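Protein chains: 2
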Amino acid sequence: MADVLIQHIRKFVAIDEQDAPTILSFFQSITLPKKENLLREGELCKSNYFVVKGCLRLFFINEKGIEQTTQFAIENWWLTDYMAFQNQQSSGFFVQAVEKTEVLALHFHVEEQLLKQFPQLERYFRLIYQKAYAASQMRMKYIYDFSREELYHHFAEHFPEFIQRIPQYLLASFLGFTPEYLSEIRKKSVLKLV
Amino acid sequence: MADVLIQHIRKFVAIDEQDAPTILSFFQSITLPKKENLLREGELCKSNYFVVKGCLRLFFINEKGIEQTTQFAIENWWLTDYMAFQNQQSSGFFVQAVEKTEVLALHFHVEEQLLKQFPQLERYFRLIYQKAYAASQMRMKYIYDFSREELYHHFAEHFPEFIQRIPQYLLASFLGFTPEYLSEIRKKSVLKLV
Numbered sequence: 001m002a003d004v005l006i007q008h009i010r011k012f013v014a015i016d017e018q019d020a021p022t023i024l025s026f027f028q029s030i031t032l033p034k035k036e037n038l039l040r041e042g043e044l045c046k047s048n049y050f051v052v053k054g055c056l057r058l059f060f061i062n063e064k065g066i067e068q069t070t071q072f073a074i075e076n077w078w079l080t081d082y083m084a085f086q087n088q089q090s091s092g093f094f095v096q097a098v099e100k101t102e103v104l105a106l107h108f109h110v111e112e113q114l115l116k117q118f119p120q121l122e123r124y125f126r127l128i129y130q131k132a133y134a135a136s137q138m139r140m141k142y143i144y145d146f147s148r149e150e151l152y153h154h155f156a157e158h159f160p161e162f163i164q165r166i167p168q169y170l171l172a173s174f175l176g177f178t179p180e181y182l183s184e185i186r187k188k189s190v191l192k193l194v
Numbered sequence: 001m002a003d004v005l006i007q008h009i010r011k012f013v014a015i016d017e018q019d020a021p022t023i024l025s026f027f028q029s030i031t032l033p034k035k036e037n038l039l040r041e042g043e044l045c046k047s048n049y050f051v052v053k054g055c056l057r058l059f060f061i062n063e064k065g066i067e068q069t070t071q072f073a074i075e076n077w078w079l080t081d082y083m084a085f086q087n088q089q090s091s092g093f094f095v096q097a098v099e100k101t102e103v104l105a106l107h108f109h110v111e112e113q114l115l116k117q118f119p120q121l122e123r124y125f126r127l128i129y130q131k132a133y134a135a136s137q138m139r140m141k142y143i144y145d146f147s148r149e150e151l152y153h154h155f156a157e158h159f160p161e162f163i164q165r166i167p168q169y170l171l172a173s174f175l176g177f178t179p180e181y182l183s184e185i186r187k188k189s190v191l192k193l194v
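Residue numbers (full-length UniProt numbering), protein chains in the order written: chain A, 1 to 194; chain B, 1 to 194.
For reference, chain A alone in the conformation it holds in the complex (with noise of 0.2 Å):
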């Protein structure tokens, strides 16, 4: 299962054939169960995940005490709290599994050990980082500029996988919906294709 994480470094670097065994060894594979915490508000976030199989959602608690869920990460996506990662303190997210989720964790200090081991893996990540941070200026930009409907219709059009895949329940909530909203779109979208 961790040859996951080898072919989508192959996808923007090489990577020798005897290497692959010795990049997986700086790795943590880590197996959860629905609705397990990675990592908890409050905590020292020690780890970047990789994942392989399943998925993951990063949220925090808000003021009036309800889960507020940011962003979500399935197959080949990476994802913690990089603030707290990069200034390893303690984070002000939870990460958690959607469905049954397995990741290849990368501890801060093991991730310094393979990149000097393996420098062309700074490419991999300068990559990884420039992507994720290209799809959030986008992100921003649908915050700004669509309606609440119109931000649903988008991500249903873009990634339908997940509009299939994530409880509704999350997805409303990582809309800024409520669900009953939600429920009332999908309704109308419904009546739409009739």
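Ranges of calculated distance between the beta carbons of each label pair, as one might list FRET restraints:
#: 1; chain 1: B; residue 1: Ser-147; chain 2: A; residue 2: Gln-164; range: 32 to 38 Å
#: 2; chain 1: A; residue 1: Val-110; chain 2: B; residue 2: Lys-188; range: 46 to 52 Å
#: 3; chain 1: B; residue 1: Leu-24; chain 2: A; residue 2: Glu-41; range: 42 to 48 Å
#: 4; chain 1: A; residue 1: Asn-62; chain 2: B; residue 2: Asp-3; range: 42 to 48 Å
Derived by calculation from the structure, the hints in this document are not laboratory data.
It should be emphasised that the depicted structure is a prediction, and the values quoted were computed from it without experimental measurement.
Idealized CB from N, CA, C, for every residue including glycine.
Model the placement of chain B on the given structure of chain A, informed by the hints.
Below, chain B alone, put in the same frame as chain A:
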């Protein structure tokens, strides 16, 4: 002036003294008068920009025909439309000088040559993108968590230099306010301080 970039790179990775002029030769120095565009919506996004002196903003024109600012960059920050840059596509944004601004432009294809010749810069850009992405995760949290007034106060507390420097109508646009609403909040803040 271009030494500002070398100093910035040296905060993250080592550069030999004799390599500094060679590295700088990959960049194009551009000086922009206030309100001049570096990039327009619909144009191919060829370059990434490092601000040596001055201030850039990233904005798009919304459905109502109004300029919506989503990001600023002052000295030592990089800015472009990263989705358009990495895919070498036409941009959905404008990049404009807020005041008289000096930038160093790094062309997409020239960046590849630079990184081939100085692979340690992969680490520099990896860390720059990691920091930018971390900040965008926090910003997303604030957008979900804070009222508009709280957003202003958070911004004023963490980035006081912006509040002083950036024209009020641009700050209002960035925070998603009308200029009138921003003016009201500021009056209230002053009254609290009295």
